[in-house]
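Trainee: What follows is the residue order along each chain.
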Amino acid sequence: DQQVKQNSPSLSVQEGRISILNCDYTNSMFDYFLWYKKYPAEGPTFLISISSIKDKNEDGRFTVFLNKSAKHLSLHIVPSQPGDSAVYFCAASDAGNQFYFGTGTSLTVIP
Amino acid sequence: DAGITQSPRYKITETGRQVTLMCHQTWSHSYMFWYRQDLGHGLRLIYYSAAADITDKGEVPDGYVVSRSKTENFPLTLESATRSQTSVYFCASSGQSNQPQHFGDGTRLSIL
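Residue numbers (my numbering), protein chains in the order written: chain Z, 1499 to 1609; chain L, 4 to 115.
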């Protein structure tokens, strides 16, 4: 049973616009969330994280929002660039040793 | 170079064969992980290790064996490969359990 869900397999956005990637989770014990970016034939690379004590975390063009009551987080990329085209995974942990990953969203930024 | 490396990058084998995927990291990270990536499932944890000689099962451990005799190495063995184990396998490491993990570039394994 998938504890972390990314319901949009793909997303296309024009260069310069905002990309919004969504992630839902079912386990209320999750308290640490991350986003990874993955290019073809490479491993995932860490992008940004957020702890459950916060509702927002920013790093340059990337912002992650957490809505604990809705068990929902989102990644905003502003402005989107062609180099952002990749698969994005969200992941969650309950302070244990395991992270649970979503199925990924493939983002295409159109020049 | 510092980092995490996986070998081989590609492997084709037959059902029933034993195959070992290698993972080596140079950061002296305590934690190491093995994931498989399949369409529709994302990344699923197979096994992880908190330190040398300590290993634990993840979500999908059946059919796999791991060992960790040295901190820097974490090999994954399929003792008798099955077609359902055709996948892309990723190794990862982290300094502590609840920290972002650093991933290798993966091994694409095909079992015929």
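Quick caveat, the hints were computed from the structure, so don't treat them as lab data.
All of these numbers come straight from a predicted model, not from anything done at the bench.
Heads up, the beta-carbon is just placed ideally off N, CA and C, and yes, glycines get one too.
Any given hint might turn out to be false.
Example chain L residues on the side facing chain Z (calculated, C-beta under 8 Å, incomplete) [claimed, not checked]:
no., residue
1, S31
2, G43
3, L48
4, Y51
5, A55
6, P103
7, D108
Only part of the chain Z face toward chain L is listed, based on derived beta-carbon distances under 7 Å [what the hints assert, rightly or not]:
no., residue
8, Y1530
9, L1532
10, P1577
11, T1601
Using C-beta positions, here's what the derived DEER-type ranges look like [to be verified]:
no., chain 1, residue 1, chain 2, residue 2, range
12, L, E82, Z, K1554, 31 to 37 Å
13, L, T16, Z, I1551, 42 to 48 Å
14, Z, M1527, L, G19, 38 to 44 Å
15, Z, H1574, L, E62, 25 to 31 Å
16, Z, F1544, L, E75, 17 to 23 Å
17, L, E62, Z, T1543, 20 to 26 Å
Trainee: So which hints don't hold here, by number, going up?
Mentor: Violated: hints 1, 5, 10 and 12.
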